[in-house]
Amino acid sequence: QSALTQPRSVSGSPGQSVTISCTGTSSDVGYYDFVSWYQHHPGKAPKLMIYDVNKRPSGVPDRFSGSKSGNTASLTISGLQPEDEADYYCCSFAGSYTWVFGGGTKVTVL
Amino acid sequence: EVQLLQSGAELKKPGESLKISCKGSGYSFTTYWIGWVRQVPGKGLEWMGIIYPGDSDTRYRPSFQGQVTISADKSINTAYLQWSSLKASDTAMYYCARRDSGKWLVDYWGQGTLVTVSS
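Read top to bottom, the protein sequences are chains A and B.
Just so you know, the first sequence maps onto residues 69 to 178 in my numbering.
Just so you know, the second sequence maps onto residues 3 to 121 in my numbering.
Next comes chain A alone, as it looks inside the complex (with noise of 0.2 Å):
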C-alpha cells in the first residue's frame, strides 16, 4: 500500500481534460507545500512535470497543472495529447529527508 492514494488510470481523448488526486495525510501532502509530480515512461527516468504545488520547471508544456486542498494534490492535464500517455507519480516531502509517493496512475489517451 502506497503512502499516498492514487486512482490507478484514467483516461480521455485528445484534446479532453483529467485530472489525477493524490490524498495523503495531515503529516506531508496537508502540511508541506512540497508536492511533485512526475511523469514515467516505462524504461526511462522519471521527469518532473510539478512542483511545489503548482510550479512548473521551465520546458514542461502549461498544458500541465497543480492544485491542492486539504490533504488532496491534483495534477490537471488540459488538452491532453497522445504524448502525454503515460505513468504518473505524486509525491510529497514527508519531513526528515523522507519524501512519500503515491502508487502511479496510468494516463491513457484515447
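Everything labelled a hint here was simulated from the structure, so no lab data went into it.
For glycine and all other residues, C-beta sits at the position ideal for the given N, C-alpha and C.
Heads up, some of the hints might be wrong.
[Claimed, not checked] Calculated pairs, EDC-like style, for lysine to aspartate or glutamate (alpha carbon to alpha carbon, straight line, at most 16 Å):
hint, chain 1, residue 1, chain 2, residue 2
1, B, 76, B, 59
2, A, 174, A, 120
3, A, 123, A, 153
4, A, 123, A, 101
5, A, 115, B, 102
6, B, 14, B, 75
7, A, 136, A, 120
8, A, 115, A, 155
9, A, 174, A, 153
10, A, 115, B, 109
11, B, 105, A, 120
12, B, 25, B, 48
13, B, 45, A, 155
14, A, 123, B, 59
15, A, 115, A, 152
16, A, 112, B, 18
17, A, 174, A, 155
18, B, 89, B, 3
19, A, 115, A, 151
20, A, 115, B, 18
21, A, 123, B, 109
22, B, 45, B, 92
23, B, 21, B, 92
24, A, 112, A, 153
25, B, 105, A, 155
26, A, 174, A, 151
27, B, 15, B, 109
[Claimed, not checked] Sample of chain B residues at the chain A side, in silico, Cβ under 8 Å:
hint, residue
28, 25
29, 29
30, 40
31, 49
32, 106
33, 107
34, 109
35, 112
36, 113
37, 117
With chain A held as given, fit chain B onto it using these hints.
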C-alpha cells in the same frame, strides 16, 4: 545537462551481495543530495534514503535502516546502494534521484536498475 546514469540490470541469488551505482554528470555532484527509491513490481515508489556526497551525511528511512547501505565516491561522482545478503523480497526496480539544492524537491532521476533475486 543533468544526468544520472545507473548501472545495468542484475540477476542474483538469495544470500549474495550486490552494489549498484548511480553516476551524476552535468552538475556539481558534491553539493546535491542523492536519494534512492524502490519500486517493487506492480507497486508504487518507496523512498529508501539519501546521501550528501560532499561529506557522506546519510539519512535512511527507518524501514530500510540496516537493510541496505548507501554510500558515495565523490572522486568519481558516483553514489551506491548495496546489500550484504539479498532476499527474494529485494526484487525491484531501484532509482536514484537528486534533491534540488536548497529545496525539498527531487528533480532529476536515473533510468532505474532492475534487481532480480531468485534461486
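We went through each hint and held it up to the structure:
no.: 1; hint: B:76 - B:59; verdict: holds, 12 Å
no.: 2; hint: A:174 - A:120; verdict: violated, 22 Å
no.: 3; hint: A:123 - A:153; verdict: violated, 21 Å
no.: 4; hint: A:123 - A:101; verdict: holds, 11 Å
no.: 5; hint: A:115 - B:102; verdict: holds, 14 Å
no.: 6; hint: B:14 - B:75; verdict: violated, 24 Å
no.: 7; hint: A:136 - A:120; verdict: holds, 10 Å
no.: 8; hint: A:115 - A:155; verdict: holds, 11 Å
no.: 9; hint: A:174 - A:153; verdict: holds, 8 Å
no.: 10; hint: A:115 - B:109; verdict: holds, 8 Å
no.: 11; hint: B:105 - A:120; verdict: holds, 9 Å
no.: 12; hint: B:25 - B:48; verdict: violated, 21 Å
no.: 13; hint: B:45 - A:155; verdict: holds, 12 Å
no.: 14; hint: A:123 - B:59; verdict: violated, 29 Å
no.: 15; hint: A:115 - A:152; verdict: holds, 12 Å
no.: 16; hint: A:112 - B:18; verdict: violated, 28 Å
no.: 17; hint: A:174 - A:155; verdict: holds, 4 Å
no.: 18; hint: B:89 - B:3; verdict: violated, 36 Å
no.: 19; hint: A:115 - A:151; verdict: holds, 13 Å
no.: 20; hint: A:115 - B:18; verdict: violated, 33 Å
no.: 21; hint: A:123 - B:109; verdict: holds, 12 Å
no.: 22; hint: B:45 - B:92; verdict: holds, 13 Å
no.: 23; hint: B:21 - B:92; verdict: holds, 13 Å
no.: 24; hint: A:112 - A:153; verdict: holds, 14 Å
no.: 25; hint: B:105 - A:155; verdict: violated, 24 Å
no.: 26; hint: A:174 - A:151; verdict: holds, 13 Å
no.: 27; hint: B:15 - B:109; verdict: violated, 33 Å
no.: 28; hint: 25; verdict: violated, 13 Å
no.: 29; hint: 29; verdict: violated, 15 Å
no.: 30; hint: 40; verdict: violated, 10 Å
no.: 31; hint: 49; verdict: holds, 5 Å
no.: 32; hint: 106; verdict: holds, 4 Å
no.: 33; hint: 107; verdict: holds, 5 Å
no.: 34; hint: 109; verdict: holds, 5 Å
no.: 35; hint: 112; verdict: holds, 6 Å
no.: 36; hint: 113; verdict: holds, 5 Å
no.: 37; hint: 117; verdict: violated, 16 Å
Checked against the numbered hints given earlier, the structure breaks hints 2, 3, 6, 12, 14, 16, 18, 20, 25, 27, 28, 29, 30 and 37 and satisfies all the rest.
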